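Chemist: Guided by the hints, dock chain W onto chain E, whose structure is given.
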Amino acid sequence: MPSARDIPALAFDAAAPAVRARGLVKQFGRRRALDGVDLEVPAGAFLSIFGPNGAGKTTLLRQLALLARPTRGELSILGIDALAEPERLRPRIGLISHRSMLYGDLSAAENLAFFSALYDGEPQRSRIDELLRLVELDHRRNDAVRTFSRGMQQRLSIARALVNDPALVLLDEPYSGLDPHAAEIFDQLIGRVRADRTFIMVSHDLEKGFSMATHALILARGQVVLSAPVAGIDFAAFRDLYLATVGMGVA
Amino acid sequence: MGDRETRRASAWQQYCALVGKDIRQEIRTREMITSMVVYAMLVLTVYGAALSQVGDSIQVMSFAGGMLWALIVFTSLLGLNRSFAHETESGCLEGILLAPVDRALIFAAKATVNLVMLAVVEFIAVPLFFLFFLSGAELAPTWPLILPPLFLGTVGVAGVGTLLSTMTIDTRGRDVLLAILLIPVIFPLLYACVSATSIAFAGVAGTFGTYGTSLVVAGAYDVIMLAASWGLYEFAVEG
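The listed protein sequences derive, respectively, from chains E and W. Going from the first sequence to the working numbering is simple: count from 1 and add 6. The letter at position 146 of the second sequence is residue 143 when you use the working numbering, and the numbering goes up by one with no holes.
Only chain W is shown next, with the shape it has when bound in the complex:
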């Protein structure tokens, strides 16, 4: 049996194969990106309708951080629900589990793909958010500081979301169940990211200590939750 053992794939090769397969499928079908971008547009349209009646009387800037994160979380939920659609369709996940692949590696690959998908959608949706709602507002020069919370939040949502979407694969009403599980679990991250984003938008002097604390909270959340997801994934994926 020596031949088989000497040709054993490395973890990196398996990771690349798993990520490459998902990216190739997405490029071919554009299922996940299309549905997420369309959904993000719809949320922006609803925001537009909701704010159209209040005109200038409300400072959109003061709650822009919350609006932006609501957009990201709801769009992520849609994408995370779709991320395992191909795996469950014909039992493909079992095909992967049959192979000598570390289960944590499957988590890493799926989380990476989800992160890339979320990043692509944010790359489209965030500028549109600025265009529709913040183009007339006087943005603080600190607005580029939304990028660190955006990064940390997206990493956390992709990582925890990957674990939870795996756990809900075979459940009835998994779309709703994922939302019910994800939002409470990511609440600390969400709170920290909304806080940091709002401070970056407002640019009020003296609040940047809170900004730093929020980033530390978001970073610590990511480290702890990603490590937990990595460790727990074997149990989640093997049921």
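Pulled out of the complex, with its shape left as it was, chain E reads as follows:
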């Protein structure tokens, strides 16, 4: 079984925070989904973002994934101005969502080859083989993704997200729809690829998100309620704060 070290991550400037946002605002018509978010995520950290529905979690993650531009504010990722040079950053960011982002009629290997070609021009065969072994789907490499279980698709989506060897990996409710066993396998896989990468995860599962994180952030009404390393926080106190935030009817 390959270890995390078998999948080398890109080197990045360890001195610079992986993500630095200042006064991030995202406006949809008259609704402000993000309202002046300040954020600093150290390189190599695992940040879990919590918040009630409509708090702006996914909107924040979409700005970090460079899938949308903020209305206002500054955003720097891996030491690069994300708003000025998004094209330079895209090869260094991966996203795993509750949606697999995989083509059901293509095989596992074809899906990875397609996404690999978008980043590298030619599909990187050795890397695809390596990733399929990592997610333990090598034996199903030529099967259509449509025939995969939800758990298998989510494992393959990890491989898809790592095909470009990202330094920043974003996870948007990745456990959604996974049964406990599939979630456990997913946890193990994330554990294997943790080294030298920064993770930011949006989650509704307070306990799981907190247990995986080195840093936690609570978002409500598009604003940061709490942002701190989890090392100094007791989970019960954190949960109480979260519930108090949700109880305020912020959703």
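The set of hints was computed from the structure by calculation and includes no laboratory data. Take the hints with a grain of salt, since some may be wrong.
[As the list claims (entries may be wrong)] Computed from the model, here is a short list of chain E residues facing chain W with C-beta under 7 Å:
| # | residue |
| --- | --- |
| 1 | P97 |
| 2 | M107 |
| 3 | Y109 |
| 4 | A123 |
[Said to hold, decoys possible] Between beta-carbon pairs, the in silico distance windows are:
| # | chain 1 | residue 1 | chain 2 | residue 2 | range |
| --- | --- | --- | --- | --- | --- |
| 5 | E | P235 | W | V113 | 47 to 57 Å |
| 6 | E | R78 | W | L174 | 26 to 36 Å |
| 7 | W | T204 | E | A150 | 35 to 45 Å |
| 8 | E | D144 | W | M38 | 39 to 49 Å |
| 9 | E | G42 | W | F184 | 41 to 51 Å |
| 10 | W | T85 | E | R78 | 21 to 31 Å |
| 11 | E | G238 | W | I24 | 52 to 62 Å |
| 12 | W | A224 | E | A237 | 50 to 60 Å |
Keep in mind that this is a model prediction, so the values were computed, not measured. For glycine and all other residues, C-beta sits at the position ideal for the given N, C-alpha and C.
Modeler: Just chain W, lined up with the frame of chain E:
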């Protein structure tokens, strides 16, 4: 980070990957082609039923151009609606947008695939149209001149249709919305192509100035609208 930057894909490689992926999926599923060809057959059947009562009293030739273009536009609508089905199914379009791909390149690849699909369907449907409705008619020797308007019209419909189908991806009732948007937008192109096709079918001497003007209008429409679609695609695809 040098390693990642030196392995950056060229625009051509990305274009080939995007087109190849769509073609491979279509060969595997035949969803788009099958539905478009079946739909074209149904339209031809309806035409047959509609014209069966009038016998020879109506010169089919005089409105064959209009019939042919109605067939092409309605069949295109079906195909264009299907062209993003795979992208939205599991959020695949976001997967593409995450990659360092120029958004205009995604437009070029999608428009190319739509053009190929429309061309394949026309390759089947147009001869059948001739067989069913024009086999007994005395065709003018100029009938092969339907090919230039057919080409220009198909290019325009595929290009503008790709932009509009992207804009309607996440809308409610997108099938109807695409038709509502597409037909008014392509009307100048449609008018020019129907005019040129009808002239080619009729072959009346003295009308070929109009034929040339129609082709110029269709060509200019394609250039302007494809350039606009190319430029606007980033806004359309990123919402």
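Chemist: Each hint needs a verdict: does it hold in this structure or not?
Modeler: Tested hints:
Given hint, E:P97 at the interface with chain W, holds; its Cβ is 5 Å from that chain's nearest Cβ, closer than 7 Å. The restraint placing E:M107 at the interface with chain W holds, with a minimum CB-CB distance near 4 Å, inside the 7 Å limit. For E:Y109, the shortest C-beta to C-beta distance to chain W is roughly 6 Å, which falls under 7 Å, so the interface hint holds. A hinted interface residue such as E:A123 counts as satisfied when its beta carbon comes closer than 7 Å to some beta carbon of chain W; here the least separation is about 4 Å, so the hint holds.
Range check, E:P235 to W:V113: Cβ separation about 54 Å, and the 47 to 57 Å hint holds. In this structure the supplied range 26 to 36 Å holds for E:R78 paired with W:L174, their Cβ-Cβ distance being about 31 Å. In this structure the supplied range 35 to 45 Å is violated for W:T204 paired with E:A150, their Cβ-Cβ distance being about 54 Å. At about 44 Å, the beta-carbon gap between E:D144 and W:M38 stays in the expected band of 39 to 49 Å.
Between E:G42 and W:F184 the beta carbons are some 47 Å apart, a value that agrees with the proposed interval 41 to 51 Å. Look at W:T85 against E:R78: about 30 Å separates their beta carbons, and that is inside 21 to 31 Å. Distance hint for E:G238 and W:I24: a CB-CB separation of about 57 Å, consistent with the stated range 52 to 62 Å. Between W:A224 and E:A237 the beta carbon distance is about 56 Å. The supplied range of 50 to 60 Å therefore holds.
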